[in-house]
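Chemist: Sequence:
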Amino acid sequence: MPDVDFRALFQAAPGCYLILAPDLTIVAVSDAYLRATMTVRETILGRPLFEVFPDNPEDPTADGVRNLRASLDRVMADKQRDLMAIQKYDIRRPESEGGGFEERYWSPTNSPVLDEAGALRYIIHSVEDVTSLCRANRDLRAAKEESSRKERIAVFGEMIGSMAHELLNPLGVVASSVYLIQQHAGDESRVTKHVNRVAEHVQIANRVVKAMADMVKDHLPDSESVSLAAALAVAVDAVDLEPGVEIAVRGVAELPPVDGGLIQLRQVLTSLLENAVTISAPNGRVKVIGRVDGDAVELAVEDSGPRIDEKERAGLFNRLVANRAGRVTLGPAVVKRIVEQHGGTIRHEDGAAAGSRFVLRLPVRHAQGA
Numbered sequence: 001m002p003d004v005d006f007r008a009l010f011q012a013a014p015g016c017y018l019i020l021a022p023d024l025t026i027v028a029v030s031d032a033y034l035r036a037t038m039t040v041r042e043t044i045l046g047r048p049l050f051e052v053f054p055d056n057p058e059d060p061t062a063d064g065v066r067n068l069r070a071s072l073d074r075v076m077a078d079k080q081r082d083l084m085a086i087q088k089y090d091i092r093r094p095e096s097e098g099g100g101f102e103e104r105y106w107s108p109t110n111s112p113v114l115d116e117a118g119a120l121r122y123i124i125h126s127v128e129d130v131t132s133l134c135r136a137n138r139d140l141r142a143a144k145e146e147s148s149r150k151e152r153i154a155v156f157g158e159m160i161g162s163m164a165h166e167l168l169n170p171l172g173v174v175a176s177s178v179y180l181i182q183q184h185a186g187d188e189s190r191v192t193k194h195v196n197r198v199a200e201h202v203q204i205a206n207r208v209v210k211a212m213a214d215m216v217k218d219h220l221p222d223s224e225s226v227s228l229a230a231a232l233a234v235a236v237d238a239v240d241l242e243p244g245v246e247i248a249v250r251g252v253a254e255l256p257p258v259d260g261g262l263i264q265l266r267q268v269l270t271s272l273l274e275n276a277v278t279i280s281a282p283n284g285r286v287k288v289i290g291r292v293d294g295d296a297v298e299l300a301v302e303d304s305g306p307r308i309d310e311k312e313r314a315g316l317f318n319r320l321v322a323n324r325a326g327r328v329t330l331g332p333a334v335v336k337r338i339v340e341q342h343g344g345t346i347r348h349e350d351g352a353a354a355g356s357r358f359v360l361r362l363p364v365r366h367a368q369g370a
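First residue of the sequence shown: 1, per my numbering; consecutive thereafter.
Among the hints, erroneous ones may be present.
To be verified - What follows is a list of derived Cβ distance ranges for each label pair:
1) Pro-306 <-> Ser-111: 53 to 59 Å
2) Ser-189 <-> Glu-349: 57 to 63 Å
3) Ala-238 <-> Asn-196: 48 to 54 Å
4) Asp-23 <-> Ala-117: 14 to 20 Å
5) Leu-140 <-> Ser-111: 30 to 36 Å
6) Thr-25 <-> Asp-63: 47 to 53 Å
7) Ala-233 <-> Ala-117: 53 to 59 Å
8) Glu-51 <-> Thr-109: 51 to 57 Å
Stated by the list, open to error - BS3-like mimics (lysine-lysine), calculated; alpha carbons at most 30 Å apart, straight line:
9) Lys-287 <-> Lys-144
10) Lys-287 <-> Lys-311
11) Lys-88 <-> Lys-144
FYI, nobody ran anything at the bench for these hints, they're computed from the structure. All C-beta atoms in this analysis are idealised placements derived from N, C-alpha and C, irrespective of residue type, glycine included.
Given only the sequences and the hints, what does the whole structure look like? Please build it.
Modeler: Encoded structure:
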């Protein structure tokens, strides 16, 4: 049997491997590791690990050296493999490539190599470069934060618009009453003075409220095809689950798309879920059930909390905000207006066993000629 050149095999291995002596000097390295770290075998062999790979001095939060040393210390103490969490550990660029440090993320594993007596002989430091994945996740988080910011702005606009419309009616009544008082005030100068002052300020308030309403017109943003399943997935992710509360979803993935504004529909679903989760706590269950009914889809959000009494039910869709357990979300009035802007309806009914069910009904996209 021919001799096997294990050094050549190790160096050509496809993985990124670094072999360390117990004093943490580098004794061997694979070609893949050299490529990944932009280093040269002859210049790193025999040198201390952290001399070759120091922390990035430009990053005050760098903790790669500390975390890697702690892992290696555990391997030496326990003589067991140690899997590290994903670690930011920047790599020094060669001077020929401009010097400085390059941002890198790694998934490291440190494994002991023992002799026949069980003493530590080497440590295999293996890594996987996950920089591209971490950057993609970071970009996704930034995109979600931007989307969330836009949603908050859109929701604020909806609330302002709803509040403005709600205020216009009582202001109209006040203006009419002031006009009648002016006609019958006679020559009483003090009454006339104060009534005129009230009339002036009512006119100012009217102008302000109308300006608010004009800023948030009752029209949809650019219409688009909206997947309720995708919108619901984002809403579920945005809800803070109470202890023990579960959300069960059935029949939503099969729903056809609807036509409308994605941000508004996401916020409607988030508000319905947030309310249902809060009411169902602790240890309750929220059900979201979808179905197709002719040219419309129905999405029911059912909680397991107490039923709504008759008195509260009478004014349910008049509330602009919902405030439960310190959480303020869109109230049924704003939710109803958004749904109606989409050509849909929303209704409240008792749950099957307990609690409440809000049923959202929207026309499917093809039914609108889209």
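Chemist: Take the hints in turn and mark each one as holding or not.
Modeler: Structure-based check of each hint:
1. Taking 53 to 59 Å as the suggested C-beta distance range, the pair Pro-306 and Ser-111 conforms, at roughly 56 Å.
2. Checked against the given bound of 57 to 63 Å, the beta carbons of Ser-189 and Glu-349, roughly 58 Å apart, stay inside it.
3. Checking the proposed 48 to 54 Å range against Ala-238 and Asn-196 shows it holds: the Cβ atoms sit about 50 Å from each other.
4. For Asp-23 and Ala-117, the hinted distance range of 14 to 20 Å is satisfied, since their beta carbons lie about 19 Å from each other.
5. For the pair Leu-140 and Ser-111, the beta carbons lie near 32 Å from each other, so the given range of 30 to 36 Å is met.
6. Judged by the Cβ atoms, the range 47 to 53 Å given for Thr-25 and Asp-63 is violated: they are separated by roughly 22 Å.
7. For Ala-233 paired with Ala-117, a C-beta distance near 56 Å keeps the hint of 53 to 59 Å intact.
8. With their beta carbons about 22 Å apart, Glu-51 and Thr-109 fall outside the hinted range of 51 to 57 Å.
9. Proposed proximity of Lys-287 and Lys-144 is supported: the alpha carbons are some 25 Å apart, at most 30 Å.
10. For the hint linking Lys-287 to Lys-311, the alpha-carbon distance of about 25 Å falls within 30 Å, and the restraint holds.
11. Of the pairs offered as hints, the one joining Lys-88 and Lys-144 holds, with about 22 Å between alpha carbons and a cut-off of 30 Å not exceeded.
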